[in-house]
Amino acid sequence: MIAGVPAGLTRQSEVAADLAVECSVVVVGSGAGGATMAAELADAGVDVVVIEEGGYHPTESFTAETGRALRNLYRDAGAGVALGRPPVVFAEGRCVGGSTVVNGGMSWRTPARVLQRWTDEGVAAVGEGAMEPYFAKVESRISVALQDPETIGKDMRLLKAGADAKGWKIIPNLRNQLHCAGSNNCTNGCPTGAKRSMLVTSIPRALRRGARLFADCRVERVTGSGNTVTGIEGRFLRPGRHRGPRLTVRAPVVVAAGGAVQTPALLARSGFRSSSGQLGRNLSLHPNAKVIALFDEDVTGWKGVHQAYQVREFDADGILLTAVNLPPSLIAMTLPSHGPELGELMAHYNRMITAGCLVEDTCTGRVRNLPGFGPQVTYQLSDFDAERVVRGVAYSAELMFAAGARRVLLPFDGAPEVRDPAALADVISRPVAKRSMELFTVHLMGTARMSEDARRGVADSFGAFHGVTGLYVCDASLFPTPIGVNPMETILALAARNAQRLIEQRARYGI
Amino acid sequence: MIGEPTLPTPPSLPTAPEVPAWRLRSSLRRIVVRLAEVVCPPQVRAGDVMGGLLTEFESLLGSLPAGLRWLIPSGLVAFDQGARLYPRARGRRFVRLPDADADSYFRAVLAWRHGVLAIPLQRIKGLVVMCYFEVPAVKEQLGYRPDPYIAEVSLRRLSSYGAQIRAGEAAALGPDPASSDPVAPARPPKEGS
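Listed in order, the protein sequences are those of chains A and B.
With the first letter of the first sequence counted as 1, position 285 gets the number 285 in our numbering; the numbers rise by one all the way through.
With the first letter of the second sequence counted as 1, position 131 gets the number 642 in our numbering; the numbers rise by one all the way through.
By construction, these hints were calculated from the structure, which means they are not laboratory data.
Mixed in with the good hints, there may be bad ones.
[Unchecked claim] Sample of chain A residues with no beta-carbon within 12 angstroms of chain B, all distances over it, derived: (1) G122; (2) D164; (3) K434.
[What the hints assert, rightly or not] Just some of the chain A residues that point at chain B, by a computed CB distance under 7 angstroms: (4) G67; (5) R71; (6) S143; (7) H179; (8) T192; (9) R205; (10) K303; (11) H348; (12) N350; (13) R351.
Note that the Cβ used here is the ideal one computed from N, Cα and C, for glycine as well.
Could you put together the complete structure from these sequences and hints?
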């Protein structure tokens with residue numbers, strides 16, 4: 001039972017029959033891009049409807065039960081896979097607030113070098129100066145700040161000690177948090193509301209200004225007439241994802257904000273084509289790899305903030321290092337051992353730190369919409385990026401040894417446990433097969449890239465789909481390239497900026 | 512509710528409806544149980560840990576896409592029946608193998624790099640192990656007790672920063688300082704279901 005739900009929110013349980021509504025703008029997706037767009041438009045008095053495929057789960061419902069969070073807050077229980085060699089496991093949020101409800105809350109502006117690269121690639125008004133007011137606005141909205149020191153746990157202090165011992169550059173994380181308690185439950189939903197996700201910021205902001213939100217509703221297609229959109233058609237999902245009543249929304253403007261996998265799939269199955277041929281292509285995903293380090297003393301990494309620091313020593317190489325505590329179930333499922341051996345290893349859970357690397361990738365993958373199967377993602381890691389993954393893993397392991405780790409488990413199938421830097425160097429010096437790498441990601445980008453040139457990009461510099469009147473894209477699909485840092489703030493700032501442009505052009509759509 | 516500045520509440524308070532579990536046939540349950548006995552630590556046979564694991568596994572299946580919900584049981588059946596071809600099994604299914612042979616068969620399938628079952632089995636093993644470590648008694652045994660910790664730091668947060676938190680929450684919903692945005696009066700909440 002939920003004590004109350006906000007006005008303006010409609011869930012599947014409240015809809016008994018087919019429903020048809022009209023509005024000025026319909027936004028598909030309530031994550032970073034969709035919620036920000038909706039709040040900005042509602043602020044300006046635009047009649048907005050937001051559609052979210054996932055359920056409404058308020059702060060009070062968040063617990064430390066990982067299985068429960070995977071089932072309720074993630075698409076396909078976080079079991080997405082980009083097929084390739086190696087396969088890359090990915091997770092997307094599917095709930096009101098989208099992935100901002102389950103991310104780690106890292107809030108970094110787009111690096112200046114990336115904005116310059118985007119400018120060079122033909123995106124207008126995206127320089128540092130032009131973006132500054134939007135970054136400032138969204139940072140204020142979601143309370144971007146450094147972590148209060150008392151919330152920094154032992155795992156993070158060890159990470160810093162390791163980086164300091166190596167002489168590597170390490171910086172405190174900027175996070176969207178309002179005096180975060182350090183409960184280390186970010187990926188299960190913040191149980192205090194301190195993480196300023198869309199669930200507790202832009203969604204209630206939009207609702208307060210008259211926006212309507214339909215949860216538990218899957219948009220099946222964007223409708224159109226000629227080269228002009230007319231709205232969307234969707235279905236409410238009953239428990240068990242059984243199809244419920246229809247929802248038809250008529251609107252002169254449709255904003256697709258379902259993320260870099262769902263957005264191109266939705267647009268493709270709705271029959272929209274980009275003359276650039278880039279819809280669904282150009283997928284970047286910041287491949288991540290982790291090491292598990294075991295220490296002699298208790299670390300209890302679950303006590304303290306999720307990520308307090310990032311190691312930025314290898315920025316020039318596009319490699320970022322950090323440590324993230326994972327609950328026992330998620331660590332255990334990736335370990336190669338089983339039976340008594342697994343039990344023996346997991347008995348040291350409180351002495352483990354999970355450190356890892358993020359690589360700014362140079363290769364790209366693709367999202368295809370397969371009728372009957374939904375979006376299918378393919379991605380082939382290039383040799384160049386694979387080499388950097390191996391290097392990132394080696395750096396992560398070195399960092400852990402410098403912090404005092406006694407044993408480190410590597411994310412390469414069949415690799416031996418290493419007990420000192422010399423053994424690590426020995427393992428890394430041998431070729432590491434790509435198929436043996438265990439990779440994952442939560443950063444998917446680029447499948448509807450921006451460019452003023454319709455031959456190069458799916459959308460223009462402000463997210464308007466080339467050649468289709470009234471259709472906008474508003475999520476990480478727009479990124480022309482990967483950005484090398486956590487993407488949430490970039491999505492928010494672009495959404496605020498693109499909303500501003502849409503508001504300026506509202507007369508064009510009669511909204 | 513969202514839309515109002517709220518103070519944090521302990522994580523054990525009312526929750527949203529759960530995704531309904533997917534019920535496995537009893538024959539499939541037997542395979543999952545036997546697989547869990549092989550891949551999980553020996554404590555899986557203690558008390559009602561196996562019951563908790565099965566509940567978690569079925570709940571997880573309920574949240575997977577239909578294709579995976581079909582593939583996983585198919586993989587389990589293939590793995591179970593495939594044991595008949597394993598020399599040490601002497602024609603028996605996986606669920607009927609004694610512990611040593613069951614473990615040996617499991618290792619053999621995983622090690623068979625070009626076998627069609629190796630990767631799916633690795634994934635299914637991961638899911639079973641994950642469900643085992645989600646059982647509360649198992650987490651307790653590891654010394655992983657997040658709930659009291661979360662309650663403690665939530666209170667610390669409130670007592671240290673309560674006023675700032677309330678002001679910050681209100682600011683996120685209030686008028687934008689850079690505009691003349693008039694905030695619509697908050698509408699009364701609907702009753703929950």
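Against the structure, the hints:
Distance check for G122/A against chain B: the nearest CB is about 29 angstroms away, which clears 12 angstroms, and the non-interface claim stands. No Cβ of chain B approaches the Cβ of D164/A within 12 angstroms, the least distance being about 26 angstroms, so the stated non-interface status holds. A cut-off of 12 angstroms between C-beta atoms confirms that K434/A is not in contact with chain B; the least separation is 14 angstroms. Given hint, G67/A at the interface with chain B, holds; its Cβ is 4 angstroms from that chain's nearest Cβ, closer than 7 angstroms.
At its closest, the beta carbon of R71/A sits 4 angstroms from a beta carbon of chain B; the interface hint therefore holds under the 7 angstroms criterion. Look at S143/A: its Cβ gets to within about 6 angstroms of chain B, closer than 7 angstroms, so that hint holds up. Checking H179/A against chain B by beta carbon gives a least distance of about 4 angstroms; that is within 7 angstroms, so the hint holds. Hint on T192/A holds. Least Cβ distance to chain B is approximately 4 angstroms, under the 7 angstroms limit.
Hint on R205/A holds. Least Cβ distance to chain B is approximately 5 angstroms, under the 7 angstroms limit. The beta carbon of K303/A comes within 6 angstroms of a beta carbon in chain B, closer than 7 angstroms, and the hint placing it at the interface holds. Using the Cβ-Cβ criterion of 7 angstroms, the hint placing H348/A at the interface with chain B is not satisfied: the shortest such distance is roughly 9 angstroms. Hint status for N350/A: holds, given a least beta-carbon distance of 5 angstroms to chain B, under 7 angstroms.
Taken as an interface hint, R351/A does not check out: its beta carbon lies about 10 angstroms from the nearest beta carbon of chain B, beyond 7 angstroms.
Consistency note: the structure conflicts with the earlier hints numbered 11 and 13.
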